[in-house]
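**Q** Read top to bottom, the protein sequences are chains A and B.
If you're matching positions, the first sequence starts at 1 in our numbering and goes up one per residue.
If you're matching positions, the second sequence starts at 1 in our numbering and goes up one per residue.
Just so you know, these hints were derived from the structure itself, not from any lab.
Some clues are possibly wrong.
It does not matter which identical chain is used: a pair holds within one copy or between any two.
Calculated lysine to aspartate or glutamate pairs in the EDC-like style (CA-CA distance at most 20 angstroms, straight line) [to be verified]:
#1 K28 to D67
#2 K5 to E295
#3 K167 to E286
#4 K139 to E265
#5 K282 to D170
#6 K139 to D257
Chain by chain, the residues run as shown.
2 protein chains.
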Amino acid sequence: MANDKVRLGIIGLGNMGSGHAKNIAAGKCPEIELAAAADIAPEKLEAARGYMPEGVRLFSTAEEMLDSGLMEAAIVAVPHYDHPRYVIRCLEAGIHVMCEKPAGVYTKQVREMNAAAAAHPDTVFGMMFNQRTNHIYRKLRELVRSGRYGEIRRTNWLITSWFRSQKYYDSGAWRASWRGEGGGVLLNQCPHQLDLWQWICGLPVRVDAHLSYGKWHDIEVEDDVSAYVEYANGATGVFITSTGDAGGTNRFEIQLDGAKLVATEDSLRLWEYRPSTPEFEKINTEAWNSPEIVEVPVETDGQNPQHVGVLNAFAARILRGEPLVASGEEGIRGLTLSNAMHLSSWLGRPVEIPFDEELYWQELSKRIAVSRLKG
Amino acid sequence: MANDKVRLGIIGLGNMGSGHAKNIAAGKCPEIELAAAADIAPEKLEAARGYMPEGVRLFSTAEEMLDSGLMEAAIVAVPHYDHPRYVIRCLEAGIHVMCEKPAGVYTKQVREMNAAAAAHPDTVFGMMFNQRTNHIYRKLRELVRSGRYGEIRRTNWLITSWFRSQKYYDSGAWRASWRGEGGGVLLNQCPHQLDLWQWICGLPVRVDAHLSYGKWHDIEVEDDVSAYVEYANGATGVFITSTGDAGGTNRFEIQLDGAKLVATEDSLRLWEYRPSTPEFEKINTEAWNSPEIVEVPVETDGQNPQHVGVLNAFAARILRGEPLVASGEEGIRGLTLSNAMHLSSWLGRPVEIPFDEELYWQELSKRIAVSRLKG
Chain A
1 MANDKVRLGI
11 IGLGNMGSGH
21 AKNIAAGKCP
31 EIELAAAADI
41 APEKLEAARG
51 YMPEGVRLFS
61 TAEEMLDSGL
71 MEAAIVAVPH
81 YDHPRYVIRC
91 LEAGIHVMCE
101 KPAGVYTKQV
111 REMNAAAAAH
121 PDTVFGMMFN
131 QRTNHIYRKL
141 RELVRSGRYG
151 EIRRTNWLIT
161 SWFRSQKYYD
171 SGAWRASWRG
181 EGGGVLLNQC
191 PHQLDLWQWI
201 CGLPVRVDAH
211 LSYGKWHDIE
221 VEDDVSAYVE
231 YANGATGVFI
241 TSTGDAGGTN
251 RFEIQLDGAK
261 LVATEDSLRL
271 WEYRPSTPEF
281 EKINTEAWNS
291 PEIVEVPVET
301 DGQNPQHVGV
311 LNAFAARILR
321 GEPLVASGEE
331 GIRGLTLSNA
341 MHLSSWLGRP
351 VEIPFDEELY
361 WQELSKRIAV
371 SRLKG
Chain B
1 MANDKVRLGI
11 IGLGNMGSGH
21 AKNIAAGKCP
31 EIELAAAADI
41 APEKLEAARG
51 YMPEGVRLFS
61 TAEEMLDSGL
71 MEAAIVAVPH
81 YDHPRYVIRC
91 LEAGIHVMCE
101 KPAGVYTKQV
111 REMNAAAAAH
121 PDTVFGMMFN
131 QRTNHIYRKL
141 RELVRSGRYG
151 EIRRTNWLIT
161 SWFRSQKYYD
171 SGAWRASWRG
181 EGGGVLLNQC
191 PHQLDLWQWI
201 CGLPVRVDAH
211 LSYGKWHDIE
221 VEDDVSAYVE
231 YANGATGVFI
241 TSTGDAGGTN
251 RFEIQLDGAK
261 LVATEDSLRL
271 WEYRPSTPEF
281 EKINTEAWNS
291 PEIVEVPVET
301 DGQNPQHVGV
311 LNAFAARILR
321 GEPLVASGEE
331 GIRGLTLSNA
341 MHLSSWLGRP
351 VEIPFDEELY
361 WQELSKRIAV
371 SRLKG
């Protein structure tokens, strides 16, 4: 029965697209039926015959697949620049669509995508922010946004655990070029953390970023980032990332009026201040005194369903109107952060959010104009 | 016999000066004989009668004490602005001198102090960088500077464990004012970390700092700092500090070509990369590959003699020419970092090191001119 399962097509069979196909083929998404897939590269289609379930129709263009009538939903897993184009194509055809991260390369094009989504409110549009399914970040967000610990004062994310070798960058001519990817670690590796950062702490109002381009690798784009941000309430933040540190770190600390939270790859720790700092200052009478600091164990649900969780929520939304992990329209928020970091680096000065999106596109275009694909 | 012990006078009997007196009185510095002390505040002298050993002469001015002929060495533990003045007075009188941190408030005045030291090479001049005696930082420096792990790529010090209450700031009219202290957390709390940072990693060549003044407290000076630096070899660094976080963090990470080191308040961890990243890139043939990361236990000598260790080394230098913990002339290095951070914040742009020291003094003078002592 058509209404039991969502018939899905996958646009793009690279690392992500083929990974989704394999998960579905392995039965991890019981409400999704893999109906079709498309890739313009004949060798990707050839490889697909090896892992696709019987009966999945393969197409050499997305357009043919979308016109085939075989599916009511699609995953867009093509190179970054083409995300908005295919999402819009799906939305306009009434095909529910899940977009791989990042939402696009520059916010200007993503605004067009979001406008199409607004024009098709009945077509489901989700973003593949699989890290939002991680119990650590879900719990972190819940604690921060509960209001129980007052306002955020400081955020600090050291996320350098994104090591990539030169051979990785050499493995695709489009990789790490302005023309092919439109950015480096901020566009390819960090969209998850940039999304989580804003999802948990909100968007800052000002960004001052120092980026290095081709610092650790022979590539055009940034592979090292130190960004400082300011939030509307006066809180500050720092975001450090790189693909050059072999043994990098993932440590996200949030200071609040009444607590400190530290999330790492596999742990979440909470220290409560008793009383919160503002309350303490109201009653304290001693020069050498401070709130009591008490570490409190944090319990999470331990669930971390990642890509499969995002896809199952997508199917449940289509079938029963249940909540998405991340709506497609939210993709622009993390991209706003990375665009602001690039723009600050290019202009050599702090950038306010919202920034001049036309200027961003002009600056990016200059770099695309002289960009050279490898090989 | 005069040569068995160093007869010492203490200039200034505030928290630090009285602390040193108590340590010596308790027999922790067997080669130092407390001979005299001076303070201009009658209540400090009165209090001193309670903890000073018998026979220690008390003076109401440093000048009288220095002219008394009672001692051959002195500790300068007066407010920051007066450090260079009293150190120079000692050096010119041939009195060995130990200066409390910071070396001074602005590098211009510290250069005069260092010139006096150069003119009196036989008079011992030490700086109270007691954190250099900490086994964790000594070992960290040894590992970094051994060359075994190649060059530094990234330094990251989150040192927000300097909480201070409003009552602390209210406890002295001079505290946290431009006129009284000439700076906030960078001048009063962080000189140790700024010294250790440069002692271990060297001085950067460029500083871009965001400081907030009176953000968490009713004070004139900075109580919140986010600074980004660049080193001559292209490495980058971040230094975050504050006196506003009740449960702050002390976590210092150094990324090298061949290792990661993380020092906290009470631990030092080392991860070796096998091989180092540059060596790995020469031989790697796989896109998805990275050096092996092996955590290696670090053994330190466990010693952490702090102020007493600095004073005992000072006495041993005077008596037998043994090494100081920190020579006085090195005090300018950490101060260079803090002055550069202030100047970057005041000018709203990155500052190169060496910076314009006359400009720094002018900018500080503007703030002193409108500064108001409390109470």
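**Q** State for each hint whether it applies.
**A** Do the hints match the structure? See the list:
no., hint, in the structure
1, K28 to D67, "neither (27 angstroms within a copy, 86 angstroms between copies)"
2, K5 to E295, "neither (46 angstroms within a copy, 48 angstroms between copies)"
3, K167 to E286, "between (60 angstroms within a copy, 6 angstroms between copies)"
4, K139 to E265, "within (14 angstroms within a copy, 27 angstroms between copies)"
5, K282 to D170, "between (59 angstroms within a copy, 14 angstroms between copies)"
6, K139 to D257, "within (18 angstroms within a copy, 35 angstroms between copies)"
Consistency with the previously given hints fails for numbers 1 and 2, ordered from lowest to highest.
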